[in-house]
Amino acid sequence: MIHFDNVTKAYANQGRPALENVTLDVEKSEFVFLVGPSGSGKSTFLRLILKEERPTSGRIHVAGKDLARLTNWKVPLLRRRIGCVFQDFRLLPNKSVYQNIAFALEVIGKPRRFIRKVVPEVIDLVGLEGKRDRMPDELSGGEQQRVAMARAFVNRPMILLADEPTGNIDPATSIGIMKVLDRINRTGTTVVMATHDAAIVDSMRKRVIELEYGKVVRDQSRGVYGQAY
Amino acid sequence: MRAQFVFHEVWIGLRRNLTMTIALIVVVAISLSLLGTGLLFVKQVENARSYWQSRVQLSVYLCSSPTIGGSCAKDGVVTSSEIAAIRQDLLATHDIVPGGLTFETQAQAWQQFKSEMSSNPALVKYTPPSQIPSSFEVRLKNTQADALPVSEAMDGVPGVSHVVDDSTVLDQFYKLLDGARNAVVVIAIFLLVAAIMLVANTIRLSAFNRRRETSIMRLVGASNFYVQLPFLVEGLIAGLIGWLVATGLLILVKSLWLNSLQTYFPYGTTLSSADLIEVIIVNMITGLLICGSTSFLTLRRYLRV
Ligand SMILES: Nc1ncnc2c1ncn2[C@@H]1O[C@H](COP(=O)(O)OP(=O)(O)OP(=O)(O)O)[C@@H](O)[C@H]1O
Ligand SMILES: [Mg+2]
Numbered sequence: 001m002i003h004f005d006n007v008t009k010a011y012a013n014q015g016r017p018a019l020e021n022v023t024l025d026v027e028k029s030e031f032v033f034l035v036g037p038s039g040s041g042k043s044t045f046l047r048l049i050l051k052e053e054r055p056t057s058g059r060i061h062v063a064g065k066d067l068a069r070l071t072n073w074k075v076p077l078l079r080r081r082i083g084c085v086f087q088d089f090r091l092l093p094n095k096s097v098y099q100n101i102a103f104a105l106e107v108i109g110k111p112r113r114f115i116r117k118v119v120p121e122v123i124d125l126v127g128l129e130g131k132r133d134r135m136p137d138e139l140s141g142g143e144q145q146r147v148a149m150a151r152a153f154v155n156r157p158m159i160l161l162a163d164e165p166t167g168n169i170d171p172a173t174s175i176g177i178m179k180v181l182d183r184i185n186r187t188g189t190t191v192v193m194a195t196h197d198a199a200i201v202d203s204m205r206k207r208v209i210e211l212e213y214g215k216v217v218r219d220q221s222r223g224v225y226g227q228a229y
Numbered sequence: 230m231r232a233q234f235v236f237h238e239v240w241i242g243l244r245r246n247l248t249m250t251i252a253l254i255v256v257v258a259i260s261l262s263l264l265g266t267g268l269l270f271v272k273q274v275e276n277a278r279s280y281w282q283s284r285v286q287l288s289v290y291l292c293s294s295p296t297i298g299g300s301c302a303k304d305g306v307v308t309s310s311e312i313a314a315i316r317q318d319l320l321a322t323h324d325i326v327p328g329g330l331t332f333e334t335q336a337q338a339w340q341q342f343k344s345e346m347s348s349n350p351a352l353v354k355y356t357p358p359s360q361i362p363s364s365f366e367v368r369l370k371n372t373q374a375d376a377l378p379v380s381e382a383m384d385g386v387p388g389v390s391h392v393v394d395d396s397t398v399l400d401q402f403y404k405l406l407d408g409a410r411n412a413v414v415v416i417a418i419f420l421l422v423a424a425i426m427l428v429a430n431t432i433r434l435s436a437f438n439r440r441r442e443t444s445i446m447r448l449v450g451a452s453n454f455y456v457q458l459p460f461l462v463e464g465l466i467a468g469l470i471g472w473l474v475a476t477g478l479l480i481l482v483k484s485l486w487l488n489s490l491q492t493y494f495p496y497g498t499t500l501s502s503a504d505l506i507e508v509i510i511v512n513m514i515t516g517l518l519i520c521g522s523t524s525f526l527t528l529r530r531y532l533r534v
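Sequence lines, in order, name chains A and B. Be aware that the first sequence starts at 1, since it is given in the numbering used here, and climbs by one per residue. Be aware that the second sequence starts at 230, since it is given in the numbering used here, and climbs by one per residue.
It is worth saying that the hints were derived from the structure and are not from the lab. Misleading hints may appear alongside valid ones.
Stated by the list, open to error - Stretch-level coverage of chain B by chain A, calculated; a stretch enters the list once three of its residues show a Cβ under 8 Å from a Cβ in chain A:
id	stretch
1	384 to 396
2	438 to 444
What the hints assert, rightly or not - Far from chain A, by Cβ distances over 10 Å, these chain B residues were calculated:
id	residue
3	D304
4	P327
5	F342
6	L485
7	S489
Bear in mind that the values here come from a model prediction, so they are computed numbers and not experimental data. Built from N, CA and C at the ideal position, the CB exists for glycine as well.
Modelling step: build the complete structure from the supplied sequences, incorporating the hints.
Below you can see the structure in the form of structure tokens.
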């Protein structure tokens, strides 16, 4: 589903590359944790998948498409197949829960009937029944993240990228968030999650890829956060 | 394409920076109405010029009464033998267009005068037909080169009052009009440049105000077209409103100012409604082109994938 072949990414005016010679594969419906210290290149990895950044060298394939050969006007089509969740939720403050989720479908031109049908479904999926008309500032952080996940998932993407989704949320609430991610993963969606949360990684026992200074230093199925010495 | 969604976004955008939008509309309106005024002016001058072009000639006025003075005071009213002699002289010595020498009797001249001055009945009323001189109307093959020699040759010939070269009179008049027109057009161009900068700024501000929305749109895979359309429509709507205001102002300008100016153009060179409509259409194209293309170019810089 995601295929990196010897990928290096060096930002302009930056000494050391953010990613260096990364080669790895993520299969369909896999759940992958991306761990590593701050600045190790986790977010860069995710941005490369979205083609928000271009690699300095190497090849990237996402859903069978060679990103280097993807023309600019086709990039939006790629992004429709990838959902994204961030640490800071990125909800629109002047739209309700329902409107925030519907927005993601409106802007890709989905018909109104379709939107009315699928938005309530996904609201149920993330466990926000009865809160569809709340505004973001009337929700807790955990609930806001659920809205963000619903928005990322409402178009049934093949891949869900989550960049420290539990970074602003207390451990107890994080468990709920992880349950939703797990549920999404079980529908066949590939999930890649960058995180610093050791407890979560340890409890889920999924594949763990560890980056350090832009290099893959560990790739372990059913791994844990820290090095298992 | 969901029109309702786009227009909702446009409405939000227009409302969020209302002051900028209003400033933009005002500048577009003023620059377009100035441009339109300039164009109407051009048309008026062109109409008059082409009317005259076909008629430019030398008029050799004959003595209608001794009171005119000059040579007429000495010789008195022109006689028929003098008229014949002048005709002979003109035909023999000057390069005249075939059939380009006509004699206008006092009666004909008065009729002409009456129709041309129909907008000024008082003048017609107090000018007796005998005051209007008869004349030879001369159309030279080469007006520019030969006009002066003819005037000089005719000077002092018995029965000749004076010679008028239409083109020299008109030239001065048109220089004045051209100057006025150029001034209007130059100001209009300056304002259009200001309008372009304002459009760019308004769109940029609008894009900045809604950077949250647009970043999410790009994230979920909205096409460039969909991301940019609301801004483009926003610029076009401002341009359209500006154009409507300018159209109103132009109709006012035409009916109040240019129509009163028409008293000075009494020779069937009136601006028609078709002229006005043409100018309004040119204005619309200019306005939409400026707003549309500036928005488009601004968006390309500020809203990249
Ligand atoms: N847009 C950018 N321009 C220049 N350098 C950048 C840019 N984004 C990231 N970097 C650099 O690339 C390196 C990797 O950054 P990245 O954001 O991928 O790290 P990260 O693993 O996500 O860190 P964190 O855990 O703190 O989020 C860092 O050294 C960072 O300074
Ligand atoms: Mg990061």
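Hints versus structure:
no., hint, in the structure
1, 384 to 396, "violated (count 0)"
2, 438 to 444, "holds (count 3)"
3, D304, "89 Å, holds"
4, P327, "69 Å, holds"
5, F342, "72 Å, holds"
6, L485, "47 Å, holds"
7, S489, "53 Å, holds"
Violated hint for the displayed structure: number 1, the only one.
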